[in-house]
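Protein sequences appear in the order of chains C and A. The first sequence finishes on residue 749 if you use this note's numbering, and the numbering steps up by one all the way, no holes. The second sequence finishes on residue 451 if you use this note's numbering, and the numbering steps up by one all the way, no holes.
Be aware that a few hints might be false.
What the hints assert, rightly or not - With a straight-line Cα cutoff of 20 Å, these simulated PhoX-like cross-link-like pairs (lysine-lysine) come out: (1) C:Lys573 to A:Lys104; (2) C:Lys590 to A:Lys324; (3) A:Lys341 to C:Lys583; (4) C:Lys573 to C:Lys583; (5) C:Lys596 to A:Lys341; (6) A:Lys134 to A:Lys98; (7) A:Lys41 to A:Lys23.
To be verified - Here are the computed distance ranges between Cβ atoms for each label pair: (8) A:Phe256 to C:Asp569: 24 to 30 Å; (9) C:Asp677 to A:Phe232: 54 to 60 Å; (10) A:Ser329 to C:Asp555: 15 to 21 Å; (11) A:Tyr46 to C:Lys636: 51 to 57 Å.
Rather than coming from a laboratory, the hints here were simulated on the basis of the structure. The beta carbon of each residue, even a glycine, is placed where N, CA and C say it ideally should be.
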Amino acid sequence: MYDAPHYTRQETGVTDVKIKAQDVQVYYGDNHAIKDVTVDIQDKTVTAFIGPSGCGKSTFLRCLNRMNDTIDICRVEGDIRIDGDDIYDKRVDPVQLRAKVGMVFQKPNPFPKSIYDNIAYGPRIHGMARNKAEMDDIVERALRRGAIWDEVKDRLQAPGTGLSGGQQQRLCIARAVATEPEVLLMDEPCSALDPIATAQVEELIDELRQNYAVVIVTHSMQQAARVSQKTAFFHLGNLVEYDDTSKIFTNPEDSRTESYITGRIG
Amino acid sequence: MTDISMGGSAPKSSLTTVDARTRKRNAAEKRFRAYGLTAIAIGLLFLIVLAVSIIRSGVPAFTQTEVHIDFTITQEQFDDAESQMLKTSAYQKLFIAALQSQLEDRGLEVSFDPAAIERLLGKTGGTIREYYRENPDQIGTPVRFELAASSRVDGYFKGRVSRDTVVDSRFLMVSDLDLVDALHDVGIITQAFNWNFITGSDTGVDNPGGAGIGVSVIGSFFMMLVVLVLSLPIGVAASIYLEEFAPQNWFTDLIEVNISNLAAVPSIVFGILGLAVFIQFMHLPQSAPLVGGLVLTLMTLPTIIISTRASLKAVPPSIREAALGVGASKMQTVFHHVLPLAAPGILTGTIIGLAQALGETAPLLLIGMVGFIARAYPEGVVSGFVDPNSAMPAQIYTWAARADAGFYEKAWGGIIILLIFLLTMNIIAIILRRRFERRW
Numbered sequence: 484m485y486d487a488p489h490y491t492r493q494e495t496g497v498t499d500v501k502i503k504a505q506d507v508q509v510y511y512g513d514n515h516a517i518k519d520v521t522v523d524i525q526d527k528t529v530t531a532f533i534g535p536s537g538c539g540k541s542t543f544l545r546c547l548n549r550m551n552d553t554i555d556i557c558r559v560e561g562d563i564r565i566d567g568d569d570i571y572d573k574r575v576d577p578v579q580l581r582a583k584v585g586m587v588f589q590k591p592n593p594f595p596k597s598i599y600d601n602i603a604y605g606p607r608i609h610g611m612a613r614n615k616a617e618m619d620d621i622v623e624r625a626l627r628r629g630a631i632w633d634e635v636k637d638r639l640q641a642p643g644t645g646l647s648g649g650q651q652q653r654l655c656i657a658r659a660v661a662t663e664p665e666v667l668l669m670d671e672p673c674s675a676l677d678p679i680a681t682a683q684v685e686e687l688i689d690e691l692r693q694n695y696a697v698v699i700v701t702h703s704m705q706q707a708a709r710v711s712q713k714t715a716f717f718h719l720g721n722l723v724e725y726d727d728t729s730k731i732f733t734n735p736e737d738s739r740t741e742s743y744i745t746g747r748i749g
Numbered sequence: 012m013t014d015i016s017m018g019g020s021a022p023k024s025s026l027t028t029v030d031a032r033t034r035k036r037n038a039a040e041k042r043f044r045a046y047g048l049t050a051i052a053i054g055l056l057f058l059i060v061l062a063v064s065i066i067r068s069g070v071p072a073f074t075q076t077e078v079h080i081d082f083t084i085t086q087e088q089f090d091d092a093e094s095q096m097l098k099t100s101a102y103q104k105l106f107i108a109a110l111q112s113q114l115e116d117r118g119l120e121v122s123f124d125p126a127a128i129e130r131l132l133g134k135t136g137g138t139i140r141e142y143y144r145e146n147p148d149q150i151g152t153p154v155r156f157e158l159a160a161s162s163r164v165d166g167y168f169k170g171r172v173s174r175d176t177v178v179d180s181r182f183l184m185v186s187d188l189d190l191v192d193a194l195h196d197v198g199i200i201t202q203a204f205n206w207n208f209i210t211g212s213d214t215g216v217d218n219p220g221g222a223g224i225g226v227s228v229i230g231s232f233f234m235m236l237v238v239l240v241l242s243l244p245i246g247v248a249a250s251i252y253l254e255e256f257a258p259q260n261w262f263t264d265l266i267e268v269n270i271s272n273l274a275a276v277p278s279i280v281f282g283i284l285g286l287a288v289f290i291q292f293m294h295l296p297q298s299a300p301l302v303g304g305l306v307l308t309l310m311t312l313p314t315i316i317i318s319t320r321a322s323l324k325a326v327p328p329s330i331r332e333a334a335l336g337v338g339a340s341k342m343q344t345v346f347h348h349v350l351p352l353a354a355p356g357i358l359t360g361t362i363i364g365l366a367q368a369l370g371e372t373a374p375l376l377l378i379g380m381v382g383f384i385a386r387a388y389p390e391g392v393v394s395g396f397v398d399p400n401s402a403m404p405a406q407i408y409t410w411a412a413r414a415d416a417g418f419y420e421k422a423w424g425g426i427i428i429l430l431i432f433l434l435t436m437n438i439i440a441i442i443l444r445r446r447f448e449r450r451w
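The shape of chain C in the complex, shown without the other chains (with noise of 0.2 Å):
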């Protein structure tokens, strides 16, 4: 029923480093949820983040965007520096940030608007349209990027939640590269969606490498395998490893990765 995507995958040639993490510790209350973590994420690449359950690749997404922010007990600590700015610095606004660093999250969570005000709203909270008819271009080229466009260009006024859930996870990857971003944090993105909805969703984050740099968290060990160019391997809050994905998944140099990803561990 289903195959891996038959797009040419290039390798990473020489890219430039978007994200700069440097000793990234993360402490919920008195919990060390992630321990020295340093790791360059890649322009124009697909970065995926494996682990098992609780390794800690989400909270470490998370501190990516400052989503953590919004927990009160949550703490991070050391440097991490988005082409060179850190996004931690008390000068930084996280609102501003995340306009910069859009974010995909594990349950397709569209605003209960039309499909229209879905896209809309993120352009239209920064200023992004000067009137209805940029506003128009905006929300058109959001929806051709988030591969939808021709699904719901008849009905943008219908309401958003009312989408299939393989569309509406489309939608928010609209949604989410409708502000311009350059970096796509995806949190477990097809995890919620059936084989079909994967395979529409993965050939997406293949194309959104042309533009972005985007960071996959994936239980799926295939499907970081088939969309990622870089694999980081999570474990109890370490980074075991990250390299190129053919080599993670042909030749890891770490044991703990490989008794992984041949299942025996996770």
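Add chain A to chain C, keeping to what the hints say.
For chain A alone, kept in the frame of chain C given last:
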């Protein structure tokens, strides 16, 4: 009610026979359904009893026994009456003479003494004098007077007073009833819909027939306006801050506990607080809807805060994440996404709070809105807030405490008006809620 299965050792049985355990479980379920149905039936029964008794006792308040008399006064009669020592009794005499001649015109020979007219109609002379003093141009032309019959006569037609139970007193003699019947036969005494009850104002204890609830409806209206305008924004703002912005620490915990406790404080406590703070300390006017509204606002705030917080909590966190994820600020997240989704719940809480406030009597007792005789409509919006007035429940309480059975009937009628007011408020809330819900 443990439902643990028997384990593997049970002998095999056919699916078509019900085993003892299943039978017991099914019986328990049936019993539970029966309990539920019984509970609902009892509830419905009480509701019906309540509705029937309110309607039965309250509807008579909406009809009024009236006496129609065509009456003409000449200038000489007017001057003569005005020159006398007892002016109103002079008018009374003229009135009785007119009535007598009218009865004779219709071929009715009933003898009655002037005192009977006073028992039937009260002091009519005063009413007539007042009318002619205000409308001197009407002197000389026939005027039709519609006068309210006394409480006992009204009760006679409504079945409250009967020939068997009536005892001669200064209020009504048994022989008066013959006159009443005769007047009714010729159409001088009729029953009519009592608009005055809905639009009128309260009267003194001696005139239950003329008492109306209209002025206290206005009093309640202004009070509800104060409650709505103050408690909704303050309550919602406080809830949003506590729920979405405030840090979780011992101080906010303390506030939370106190709000929950305040919701359970007896309303009379708020009344005495209002008396002390608003009237004695701030010197706001007594008996004013403004003060009543302020006191009821204090009482309503906890209800609104608790229900608003509950409905804010019920908004899925994924919506907040989605909004934050596209770069909305916290305030934008709350006002663009969370609040609209919570609006129906907030509205429900508000209407519950307002309904409570509308029916509250005890705090009004302490700020002087009970027992006050609301005689006149406020002259404008400002005086609507600050002029002494009563409120519907206070008015009902006042009537119920008065001796005359006519007031008792008015109290029931007042309950009907109160319920209609409440129903109107609820319907508006439901329409608003539909609106909010349809937007999504």
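Verification of the hints:
1. With a C-alpha separation of about 94 Å, the suggested pair Lys573 of chain C and Lys104 of chain A falls outside the 20 Å cut-off, and the hint is violated.
2. Simply put, Lys590 of chain C and Lys324 of chain A have alpha-carbon atoms about 19 Å apart, close enough for the 20 Å limit, and the pair holds.
3. For the given pair, Lys341 of chain A sits about 17 Å from Lys583 of chain C by alpha-carbon distance, which is consistent with the 20 Å threshold.
4. With a C-alpha separation of about 17 Å, the suggested pair Lys573 of chain C and Lys583 of chain C falls inside the 20 Å cut-off, and the hint holds.
5. Between Lys596 of chain C and Lys341 of chain A the CA atoms are separated by roughly 19 Å; this keeps the pair inside 20 Å, and the hint holds.
6. Restraint check: the Cα-Cα separation between Lys134 of chain A and Lys98 of chain A comes to about 12 Å, which is no more than 20 Å; the hinted pair holds.
7. At roughly 27 Å between alpha-carbon atoms, Lys41 of chain A and Lys23 of chain A are farther apart than 20 Å, so this suggested pair is violated.
8. A C-beta distance of roughly 26 Å is found between Phe256 of chain A and Asp569 of chain C, which places it inside the suggested range of 24 to 30 Å.
9. Distance hint check for Asp677 of chain C and Phe232 of chain A: the Cβ-Cβ separation is about 57 Å, which falls inside the suggested range of 54 to 60 Å.
10. Distance hint for Ser329 of chain A and Asp555 of chain C: a CB-CB separation of about 19 Å, consistent with the stated range 15 to 21 Å.
11. At roughly 55 Å, the beta-carbon separation of Tyr46 of chain A and Lys636 of chain C lies within the given 51 to 57 Å, and the hint holds.
Hint check: violations occur at hints 1, 7; the rest are consistent with the structure.
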